[in-house]
Structure formats: C-alpha cells, structure tokens
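Letter by letter, the sequence shown follows residues 1 to 291 in the numbering used here.
No lab work stands behind these hints: they were computed from the structure. Treat the hints with care, as some may be off.
With a straight-line Cα cutoff of 25 Å, these simulated PhoX-like cross-link-like pairs (lysine-lysine) come out [stated by the list, open to error]: (1) K58 x K44; (2) K44 x K218; (3) K203 x K218; (4) K47 x K218; (5) K58 x K112; (6) K112 x K102; (7) K47 x K27.
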Amino acid sequence: MENRQNSTNINWYPGHMAKTKREITEKLDLIDIVYEVIDARMPKSSKIVDIDDLIKNKPRILIMTKYDLCDKSETDKFISYYESLGYQVIPVDLMSGVNVKKIISASEEVLKEENEKRKLKGLKPRNIRALILGVPNVGKSTLINRLVGRKSAGVGNKPGFTKSLSWIRIHKNIDLLDTPGILWPKIEDQEAAHILACFSSIKEEILNDDQIASFILKKMYQLYPHALEERYGITEIDDDLIESYDIIAGRRGALGKGGVADYEKVSRIILQDFKNGYFGPVTFDRLNIKE
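Please construct the entire structure, taking both the sequences and the accompanying hints into account.
This is how it looks when you write it as structure tokens:
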C-alpha cells in the first residue's frame with residue numbers, strides 16, 4: 001500500500017473563472033453592495049484571496065453559510081476577527097433560513113441615505129444592486145433561494161454548477177447579480193487547498209478519493225480525535241494510515257477476498273461519512289494571531 005501523504009500541489013483555475021472575474025470588473029460600477037459568501041466550516045480557506053482587488057472599495061456583507069454545521073467555538077473566533085477588521089458578518093443556517101432576513105435589512109441600509117434624498121426630490125427609491133461572490137459549492141444558490149423565498153436558482157452539489165453571470169430579483173428592493181464560484185489562479189497555501197477539496201470546493205478530479213480521505217483522517221485526528229474514536233474506534237493514527245484503514249475496513253465491512261482490507265472502499269466510506277456530517281460539527285481552519 002502506498003504511503004498516504006498529501007504531497008500533490010493543487011491548482012484548479014478553469015477558464016470560466018478568469019472570464020467571470022473580467023465580467024465582474026466590467027459590471028462593478030453598477031453594484032451598490034457585495035455579498036461575500038464563505039463557508040463557516042472553513043472561514044479562512046474559503047475566503048477569496050484576491051477579492052479586494054476584484055471589488056475595490058464597495059460596501060460588503062460577509063455571509064457565513066452552513067453555520068449550523070460548523071464548530072461554533074472556533075468559527076466564532078473568525079467572526080470576531082473579521083468584525084475587528086471592519087466587516088459586517090452575518091452567519092446563516094441555509095436549512096432553516098436563520099438570519100437570512102438580516103441580509104435584506106443590512107442591504108437596505110446601504111442606499112437609505114440616497115433614497116431619502118430621492119424621496120425629498122419627489123423621486124421613487126432606487127433598487128439596490130448587489131453582487132454575490134464565493135468559492136464553488138459554498139451555498140450561494142441555496143442562499144439565493146432562501147432570500148427569494150422560493151426556488152429561483154439552480155442548486156448543484158458540484159463546483160462549477162453556475163456557469164454565467166445573471167440578474168435575479170431577490171426582494172422588491174434588491175436585484176442580485178449571481179456569479180459562478182471562483183478561486184484564485186495560484187493556490188499558494190496547500191493546506192487551504194486540501195481543505196477546499198474536503199468540502200467539495202475544488203473538483204474531485206484534482207485529488208483522488210484516497211488523497212482527500214487521508215487528509216480528512218489526519219485533520220480529524222489533529223482537531224477532533226474524539227469524533228474519530230467515536231466513529232471508527234481509532235485512538236491514534238500512523239503516518240501512512242495503514243493501520244487506521246485496516247481498523248475502519250474491519251468495522252465497516254470493507255474487506256475483499258481473504259479478509260484483506262479494500263482501501264479504495266475505505267476512502268469512499270470516509271468521504272461519505274464526512275459529507276453526511278457523521279463526524280459532527282467541524283471547522284477545519286484555525287485562527288492564527290499573525291493573520
């Protein structure tokens with residue numbers, strides 16, 4: 001069995017991402033506010049590195065999706081950190097819709113002064129034009145459907161589902177420019193790249209199941225060893241993970257002929273358990289004071 005090390009450099013930047021950035025730049029003058037969407041389970045890794053260059057000084061709301069699935073004790077540190085930098089942060093639960101209405105009220109504040117002046121002049125209030133941005137598979141389409149209150153945007157569970165920019169009326173006062181998920185041309189932080197892969201923000205073809213599953217096991221052991229023990233009975237892991245894979249294979253019936261562990265099947269089990277949330281609430285990023 002091969003040594004299970006995460007040595008692959010991940011770079012995934014399809015042509016449509018470069019095109020999306022060009023189109024955003026062309027339409028930026030139309031935009032009043034930006035919804036920057038990040039995943040609460042990876043509040044650092046899912047934040048677009050070069051977003052400030054892209055949206056310039058536009059007002060923004062930092063929306064943390066999947067807050068119900070994260071380790072709140074860790075994610076809340078990032079919320080406080082981002083707020084200390086001047087961000088307005090709204091954590092949302094996409095399943096229940098908790099806090100989604102706060103996005104509308106926060107958006108209306110942006111044009112409040114301008115629309116009051118228009119009213120004094122006898123003019124009708126102007127609709128807010130918002131832009132939504134985020135890495136692939138961060139929940140933008142589900143969020144849009146929550147904002148609209150009905151299904152208006154397609155929802156895909158694979159990165160790259162949304163292919164082009166499109167305007168959507170999400171509220172009587174707000175028009176939203178939806179965008180495909182984007183990354184940055186060169187992912188320098190390979191730890192962040194692997195975390196993005198774990199949460200399906202980078203296509204599975206870039207890393208195979210074995211590489212992603214190995215990273216998940218090591219990360220869970222580092223951050224949530226109790227969850228690993230509860231799920232698989234693993235109390236420690238070795239560098240090449242052979243013993244760990246053997247334990248999981250035995251417990252989950254992933255055995256081939258002669259009772260030999262089927263490592264590919266074990267990798268698929270780990271990935272499926274992770275996607276289904278069977279390890280409990282997790283946040284894979286940690287706040288570094290130097291950030």
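Pair hint outcome, K44 versus K218 [Cα-Cα no greater than 25 Å]: holds, 19 Å
With a cut-off of 25 Å on the C-alpha distance, tell me whether K47 and K27 pass. holds, 21 Å
Given the proposed pairing of K58 with K44, does the C-alpha separation stay at or below 25 Å? holds, 21 Å
Take a quick look at whether K112 and K102 sit within 25 Å of each other, Cα to Cα. holds, 15 Å
Between K47 and K218, is the straight-line Cα distance small enough, at 25 Å or below? Since the Cα atoms of K47 and K218 sit roughly 23 Å apart, the hinted pair holds (cutoff 25 Å).
Within a Cα-Cα threshold of 25 Å, do K203 and K218 meet the stated pairing? It holds: about 21 Å lies between the C-alpha atoms, which stays within 25 Å.
Is the Cα-Cα distance between K58 and K112 25 Å or less? holds, 16 Å
In terms of the numbered hints stated before, the structure departs from none.
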